[in-house]
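Participant: Chain by chain, the residues:
There are 2 protein chains.
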Amino acid sequence: MSSLSEKLDKIFHPKSIAIIGASRTPGKVGYDFLKSLIDCGYKGKIYPINPASGEILNLKAYPSITDVPGKVDLAVIAVPAPIVPKVTKECAKKGVEGIIILSSGFSETGSEGKKREEEIVNILKGTGIRVIGPNCNGIYCHSSAVSFISSASVQLKYAESDPIAFISQSGSLCNLFRQMLLARGIKLDKFVSSGNEADLTATDYLEYFGNDPRIKIIAAYLECIRKGRKFLEQAKKISKKKPIIIWKAGRTKAGARAAFSHTAALSSSDTIYDAVFRQTGVIRAMGIDELVDFTVAFLRVPYPKGRNVAIISGPGGPAVAAADASEMAGLNVPELSKKTQNKLREFLPPFAGVRNPVDMTMQSIKNVEWYKIATDTVMRDENIDMVLIILPPPGRGLTECAKLMMEEKENYKKPIVFVCMAGKTEEGVKLLEKAGFSVFPTVERAAKALAVLVRYREYLESR
Amino acid sequence: MSSLSEKLDKIFHPKSIAIIGASRTPGKVGYDFLKSLIDCGYKGKIYPINPASGEILNLKAYPSITDVPGKVDLAVIAVPAPIVPKVTKECAKKGVEGIIILSSGFSETGSEGKKREEEIVNILKGTGIRVIGPNCNGIYCHSSAVSFISSASVQLKYAESDPIAFISQSGSLCNLFRQMLLARGIKLDKFVSSGNEADLTATDYLEYFGNDPRIKIIAAYLECIRKGRKFLEQAKKISKKKPIIIWKAGRTKAGARAAFSHTAALSSSDTIYDAVFRQTGVIRAMGIDELVDFTVAFLRVPYPKGRNVAIISGPGGPAVAAADASEMAGLNVPELSKKTQNKLREFLPPFAGVRNPVDMTMQSIKNVEWYKIATDTVMRDENIDMVLIILPPPGRGLTECAKLMMEEKENYKKPIVFVCMAGKTEEGVKLLEKAGFSVFPTVERAAKALAVLVRYREYLESR
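Line by line, the protein sequences are chains A and B.
Sequential numbering from 22 applies to the first sequence in the working numbering.
Sequential numbering from 22 applies to the second sequence in the working numbering.
Keep in mind that the hints were calculated from the coordinates and are not lab data.
A portion of the hints provided could be inaccurate.
Said to hold, decoys possible - Computed list of lysine to any residue pairs in SDA-like fashion (alpha-carbon distance at most 25 Å, straight line):
hint: 1; chain 1: B; residue 1: Lys-393; chain 2: A; residue 2: Gly-48
hint: 2; chain 1: B; residue 1: Lys-136; chain 2: A; residue 2: Gln-384
hint: 3; chain 1: A; residue 1: Lys-135; chain 2: B; residue 2: Glu-356
hint: 4; chain 1: A; residue 1: Lys-28; chain 2: A; residue 2: Lys-110
hint: 5; chain 1: A; residue 1: Lys-364; chain 2: B; residue 2: Glu-133
hint: 6; chain 1: A; residue 1: Lys-451; chain 2: A; residue 2: Asn-388
hint: 7; chain 1: A; residue 1: Lys-237; chain 2: A; residue 2: Gly-126
hint: 8; chain 1: B; residue 1: Lys-451; chain 2: A; residue 2: Ala-204
hint: 9; chain 1: B; residue 1: Lys-49; chain 2: A; residue 2: Pro-371
hint: 10; chain 1: A; residue 1: Lys-49; chain 2: B; residue 2: Pro-371
hint: 11; chain 1: A; residue 1: Lys-146; chain 2: A; residue 2: Pro-101
hint: 12; chain 1: A; residue 1: Lys-49; chain 2: B; residue 2: Phe-368
hint: 13; chain 1: A; residue 1: Lys-36; chain 2: A; residue 2: Leu-145
hint: 14; chain 1: A; residue 1: Lys-445; chain 2: B; residue 2: Ala-204
hint: 15; chain 1: A; residue 1: Lys-49; chain 2: A; residue 2: Ser-182
hint: 16; chain 1: B; residue 1: Lys-360; chain 2: A; residue 2: Ser-132
hint: 17; chain 1: A; residue 1: Lys-257; chain 2: A; residue 2: Asp-291
hint: 18; chain 1: B; residue 1: Lys-445; chain 2: A; residue 2: Lys-49
hint: 19; chain 1: A; residue 1: Lys-393; chain 2: B; residue 2: Gly-48
hint: 20; chain 1: A; residue 1: Lys-451; chain 2: B; residue 2: Pro-415
hint: 21; chain 1: A; residue 1: Lys-136; chain 2: B; residue 2: Gly-308
hint: 22; chain 1: A; residue 1: Lys-81; chain 2: A; residue 2: Gly-48
hint: 23; chain 1: A; residue 1: Lys-274; chain 2: B; residue 2: Gly-351
hint: 24; chain 1: A; residue 1: Lys-451; chain 2: B; residue 2: Gly-308
hint: 25; chain 1: A; residue 1: Lys-28; chain 2: A; residue 2: Ser-182
hint: 26; chain 1: B; residue 1: Lys-364; chain 2: A; residue 2: Gly-126
hint: 27; chain 1: A; residue 1: Lys-445; chain 2: B; residue 2: Gly-444
hint: 28; chain 1: A; residue 1: Lys-445; chain 2: B; residue 2: Val-175
hint: 29; chain 1: B; residue 1: Lys-387; chain 2: A; residue 2: Asp-60
hint: 30; chain 1: A; residue 1: Lys-36; chain 2: A; residue 2: Ser-182
hint: 31; chain 1: A; residue 1: Lys-258; chain 2: A; residue 2: Val-297
hint: 32; chain 1: A; residue 1: Lys-135; chain 2: B; residue 2: Glu-133
hint: 33; chain 1: B; residue 1: Lys-360; chain 2: B; residue 2: Arg-376
hint: 34; chain 1: A; residue 1: Lys-274; chain 2: B; residue 2: Arg-328
hint: 35; chain 1: B; residue 1: Lys-31; chain 2: B; residue 2: Pro-47
Just so you know, these numbers come straight off a predicted model, no measurement behind them.
Turn these sequences into a full structure, and let the hints steer you where they fit.
Facilitator: Encoded structure:
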């Protein structure tokens, strides 16, 4: 592990945290962050820092971080921007490992804020102390239970997380991404809200998560990339070991303007990013849905060996739509072998389609075992690399079908994805997700996710 | 109203229905359809037709439709395909208005089925009896409570429906579309599952819904268009009065093959459809999500006068993404006037963005009234035609913000759409939808929906 990675690992797993600007007034940021840290079950020492000292939320408060008796690994700053340089100096004096500056009012506001940001960087020069932010939402780490968002306590009840890390130049997206994964039964391991990136940048976090053996998938929301050359090198190196999925915003003129006033990000031309991502094997997501979908797919679906997908459906319209969506996404929907078609004919009604898609007709909702037999059958077709299955409607075979497929999971040697157009809250969907399958809400999203897996495998093989 | 429209209006509002193939065995199609009709509260006469006669679900059954004493408006056939010609002859003898053939096993299965389909058409030639299907899922009509799906009884408890009709060549999508609208608080008025279209085609239903004064928006899922020239004429005529939104599947080679084995649909080149749709003002949806989104937008959002959108957000990342999404969708995100920017500066913090997007920063979750004031302010900007608002996260101001915006609804003279990335089940989302606002799950989907409204208005003005 590089020294940077070791440093960041200490920041993500601190033995003690000081909250500078801790408040006893509910609703204030300095109160919420402290309370969340407690609620989420952080086990290390917590030191509220507040000029009035006394007690906050039953914890002894100190007027300055320099008054704290023990060692402080991580300082979290939530005071107004003009006071940040002063408390940063105190952090330097105390000798912490890292600082998270939550406060806004820096380079995103113009030249005065920019100067303030530079002042902070200068204060810490040579101290070895690294800074996350300013103008950010902090970090989240499942194993150390470091979280500044109360709602994360629900997720932290699970002992195990999934090996996914998220880097975001938008603070609000960090928690949204975590929650969207959780809604699909997946527990994010770490996120970092990188803010204005005065010191540590997305590239540094990429390096850290690249080196982190607990992380197998890296997702990111970026408005700009600040250390271009280093990013290129890191991305190239890491994407050979684990997929990097990036949603790059600020793609248009208006988006770039918005990005600048958001986090002082200077977006380059979108075509440059496209080229860089292609060269380095980075997977590009076009929005939050794709970011989540692709992450789900990488976590739960093995890489298909080729581009040939078999489609199995009860409903006929969605089967047609899935064929369209697969080809549009760059997959092939080859005609099944005569042998496979004959085997399907053995149990399906005469008006079923067996060429591919396998359109079992709506009679399949009364015969959900057809889903199982059809899946077995198409998987034996040598020409088929993966299977896309459109589930029966809720209340009309969905749960029964899900249960049958769950039991067979271990027997399926080729990648499978499911589509349930009725939504993710259905019992059948929950069952499949619990069994480790991935379920998508539309055929288009399922096909795109499969295509991304295929392209990443092809990228790996081309290296 | 044309004679075709009058005929279809009788079929959608029948005074009496015969279910041919009614069964007393739960789980059989002929049982389910009969039971659903009863459960959904259909008020007309129901005649179960079954060779064994006796009683089915407390209704007197008749061995043949010809044995029914009174008049029968609509015959629903759910017997195996080989028997369909025989019972069709009996329907002709009885003299019904229309027949729905649910049974599969016709042209979608090959030449033998095709012959059977032609036989049916020949039997009815000159009788004036029209056929929906075969190989279909029937119809749904809110005002007459004709429904063959039990789950629709939930929707039918509402007295009023929304003025939307759906034509679908996929039976399963009919109910899915109805349910997806209902999940967003919208009650579909009518659907027709057109199946193989042996007699009545999508073009005929288009004409009927075009003439139906209860219908203001027509949505459709099509795999092919069987009467091309007539479709063109109808679409051109109707789209001047009400929007027609079509999801055309069978776009790719694999999709076209699937469509053929699904409903014997012969898909033409996708570019032809693109051209036809553009010429006739038809709005094209690329999947079920767009079909639903565009329908929601047409129902709830007035047409923007131009292409200029103002974006208002608490979370910064989504604001950037919304700017991107708007420009990608063909909208403009112009810089707000200096006057507007100054007014925004009066209440927003110094590090907020005011040029457009209006990035109010996450401080807005503690000050949700900023949402209201910002919306008022940007609406007064002459250069702004519509507003896209990204709501606060759930539990962090979402509900409060929704309540505030609801109260102001009548004061907003320009179109507004909301984005809630946390999902449609949130209380705040439900409140906004109840107030008649439209809420989308991603910025991309909101921007695309707005762009579709703009393009349709431009189409109307260009005529």
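Participant: Could you check the structure against the hints above and give me the numbers of any it violates, in ascending order?
Facilitator: 7, 15, 18, 21, 32, 35
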